[in-house]
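K.L.:
Sequential numbering from 133 applies to the sequence shown in my numbering.
The hints are simulated quantities; they were obtained by calculation from the structure and are not laboratory data.
Treat the hints with care, as some may be off.
Said to hold, decoys possible - Okay, derived cross-link-like pairs now, DSSO-like style, lysine-lysine, Cα gap no bigger than 27 Å in a straight line:
(1) 467 <-> 158
(2) 594 <-> 485
(3) 538 <-> 615
(4) 163 <-> 366
(5) 594 <-> 462
(6) 538 <-> 349
(7) 501 <-> 366
(8) 536 <-> 467
(9) 467 <-> 538
(10) 655 <-> 701
(11) 333 <-> 158
(12) 529 <-> 462
(13) 158 <-> 435
Note that the structure is a prediction, hence the values are computed from the model and not measured.
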Amino acid sequence: MARLLFDSGSQKSFVRSDLKQALKLKTIRKKKLLIYTFSKRQPEERIYEVVALKINSQIPPYQSINIEALASDEITGADIYANINPRLIQIILPASCLISDSYEKTNLQIQILLGADYLYNAMSGEARKIQKNLYLQPTLFGDTLIGQIFNPEDMKQMCALHVSSNAIQNDLKSLWEIDSLLMPNESPEMKPSDTLCNFGKELTITNNRYECPLQWKSPKMRETLGNNFEVAKKRFANLEKRFNHDESLFDRYNAVMKEQIQAGIIEMCSDECFIGYVMPHREVLRDSSSSTKTRIVYDASSKSGTNASLNECLVSGENLNPNLIDVILKFREHKIAFCGDIARAFLQIEVTKSDRNYLCFLYYKNCDKTLPVTMYHFNRHCFGVTCSPFVLAATIKTHIKKYKEKHPLAYEMLNESLYVDDLFYGSSTIQDAFTLSSDAVSISKDANMNMRKFDTNSKELKNVWLNSNSDIETNEHSDNHLKVLGLVWNNLDDTLGIDLHSLLSNLNENECTKRNVLHTAAKLFDPSGFISPFLIRIKCLLQELWQLGIGWDEVFTGQIKENFQNWCKEIKDLQNLKIPRYYFLIKL
């Protein structure tokens, strides 16, 4: 016999882990959830085992219900019981009632929580009013009292739980959150100064380069981490097949590896007993990049069996980047605009030696395809590891603070307009723009980082860059269409437009499903609201699909299909949209 709690406030059902073990319930899959608790704006991410079980009633006619529940060590730490005198129950309830609970205080723990996902399947009839604010609800497990039988002010404990699943909601999130003009994860609870202070204690300088450890959730997390070697080995075997099929792919891949070995970014591991984590890797081709066409990405979320992945053992840290909208607004304030970026920014920060074996991967010895596969590790923080964005932002924030008094204007620019590794700013005069860009290069150089690929809307400023003896490296591959935080900047006519490349290359107006509508709409990024009247139409269409109860992959027809296809045809017209970058442009 198990004690069960009905909880319409919980979106999921739970079963205690000790009951799971006692019943020998098998794990059918695992599910990642975001758990919200009171006073917390940010959720806690947890991974639960999902089990299937059948709950049988002990009350005639002995009905049952099949459910899937999440296994948890604890459901509630409180002693859950109804504060009702059992003798009072006998007075107010009809004699024919089969009560599901004795309503007596007990030491038995709640072992099953039936949430909103199955709660109403367990209801077997309509609730009957017994007296004011008190109802009798028939269920498969007997009649249950709902409501008040005492003064609410006498209540001493309450329980509530809210969970959130993050499956298809990613597209929904990207579609709607930009309307708030706030970046994801931004919260009034954040205290960047405290975060930087704590991070600064770990940050050191070795050989003129910043160095810090991985950001572990706790020191014990290393013990829960599987080495992932077999998974990485299989993934590399698949990569080898692609190498054999496409020799040019191997050449590009190998060139990146050789370059990173020469730069000291990666190196072969020693032959000592290996304790660490091995990341699978693959190529990503970037046609839009003017420098690195082939990028190697590492999968630190990969794991074997029930072992944790590296990313599950690390904290993501605070979002220290400036607000996206603020950066764009500042970029549009100045008559003379310029931009630049830090070359391979993530790879410029050393990893503490004790953590390098947790950033391992497999590749050919000495980059020679005829030699055996061996183990390499990163000496630097790499992209794909969950804490790397925080490490980069925190390192830059800590570094530029040194120049707050000596170069106050450059500090303000880098602190408020450097987004990850991209700088977008400007000035009212050529001299000021040159000074700011020169200071940005100098300050970055002091951190062993290379601020380069500068471009501008001013031919005069570009000539000053080229003819000066400064270290400013200009963008020689510019086609006058530069990406600026999701927008496209034509620095020839100094206008901003919408980036439609990804959307147009994947547009399928004939796939009339709610999934495709959402996927299509989410690819349009418009942080400044240039095309809000156009975007609101697809959002209203999505709303209509929900109101009609259309499934994710159900094909819709009729007028709503016509509206969607017409909207898709109009997307190409957005290529002609040009908004002046400079706010105060006046034509006489």
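K.L.:
Compare the structure with the hints numbered earlier in the document and write down the numbers of the violated ones, lowest to highest.
P.N.:
1, 2, 3, 6 and 11
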